[in-house]
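Undergrad: Sequence:
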Amino acid sequence: MNLFCVTLLVITYFLEEGTTMAKFELYHPIQTPHYQLDWLTQFKVKDINTLRQQTQPAETIIQTANFVNRVMSTIMHDQALTWGVSFKQSGEFAGIVSLNPIEEGWTNAELNVSPVKTDATDLIAEIEAYMTQFAQNQLGTQHLKLNIHN
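All letters in the sequence shown, in the order written, are residues 1 to 150 by the working numbering.
The hints are simulated quantities; they were obtained by calculation from the structure and are not laboratory data. No experiment lies behind these values; they were computed from the predicted model shown. Where hints are given, some of them may not hold.
[To be verified] DMTMM-like cross-link-like pairs, simulated, lysine to aspartate or glutamate; straight-line CA separation at most 20 Å: (1) K23 - D78; (2) K23 - E59; (3) K88 - D38; (4) K23 - E92; (5) K88 - E59; (6) K46 - E104; (7) K145 - E92; (8) K23 - D47; (9) K46 - E25; (10) K117 - E25; (11) K145 - E59; (12) K88 - E128; (13) K117 - E103; (14) K44 - D78; (15) K117 - D38; (16) K145 - E128; (17) K88 - E110; (18) K88 - E126; (19) K117 - D78; (20) K23 - D38; (21) K46 - D78; (22) K23 - E104; (23) K117 - E104; (24) K46 - E110.
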């Protein structure tokens, strides 16, 4: 009988953990009119590495893979949201987008956009408009700061 109680406790614990962790896990893929946002694990590490080398030229593939692992960990722990962006029509990698709280909670947050191309006005405008609504409706964000990393 004691074994049964312990087993139930463990199952209940995992169900409760799964319930709280699943929140951010559900936010993919996201579709905007021209782009699809999905977890970085759905993109080629080589493409992510090429983008990251624009600001960190010495970054290796291994360092980029570690970056992707860290990013996915923050998502699984409901700490931040990060997506790779691709063009809907071609599937071509277009950049990385992240939402991060500036302080405890999501009242104040920042939207980071790292486009592959330096002339990404359309991408930035569409992502900013969509993510502003998303952050307000899903996370309760009242103030969103836009950061563009080229």
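Undergrad: Take the hints in turn and mark each one as holding or not.
TA: Hint check results:
no.	hint	verdict
1	K23 - D78	7 Å, holds
2	K23 - E59	32 Å, violated
3	K88 - D38	11 Å, holds
4	K23 - E92	28 Å, violated
5	K88 - E59	28 Å, violated
6	K46 - E104	34 Å, violated
7	K145 - E92	27 Å, violated
8	K23 - D47	28 Å, violated
9	K46 - E25	24 Å, violated
10	K117 - E25	28 Å, violated
11	K145 - E59	27 Å, violated
12	K88 - E128	17 Å, holds
13	K117 - E103	30 Å, violated
14	K44 - D78	24 Å, violated
15	K117 - D38	19 Å, holds
16	K145 - E128	10 Å, holds
17	K88 - E110	25 Å, violated
18	K88 - E126	13 Å, holds
19	K117 - D78	29 Å, violated
20	K23 - D38	15 Å, holds
21	K46 - D78	26 Å, violated
22	K23 - E104	17 Å, holds
23	K117 - E104	33 Å, violated
24	K46 - E110	26 Å, violated
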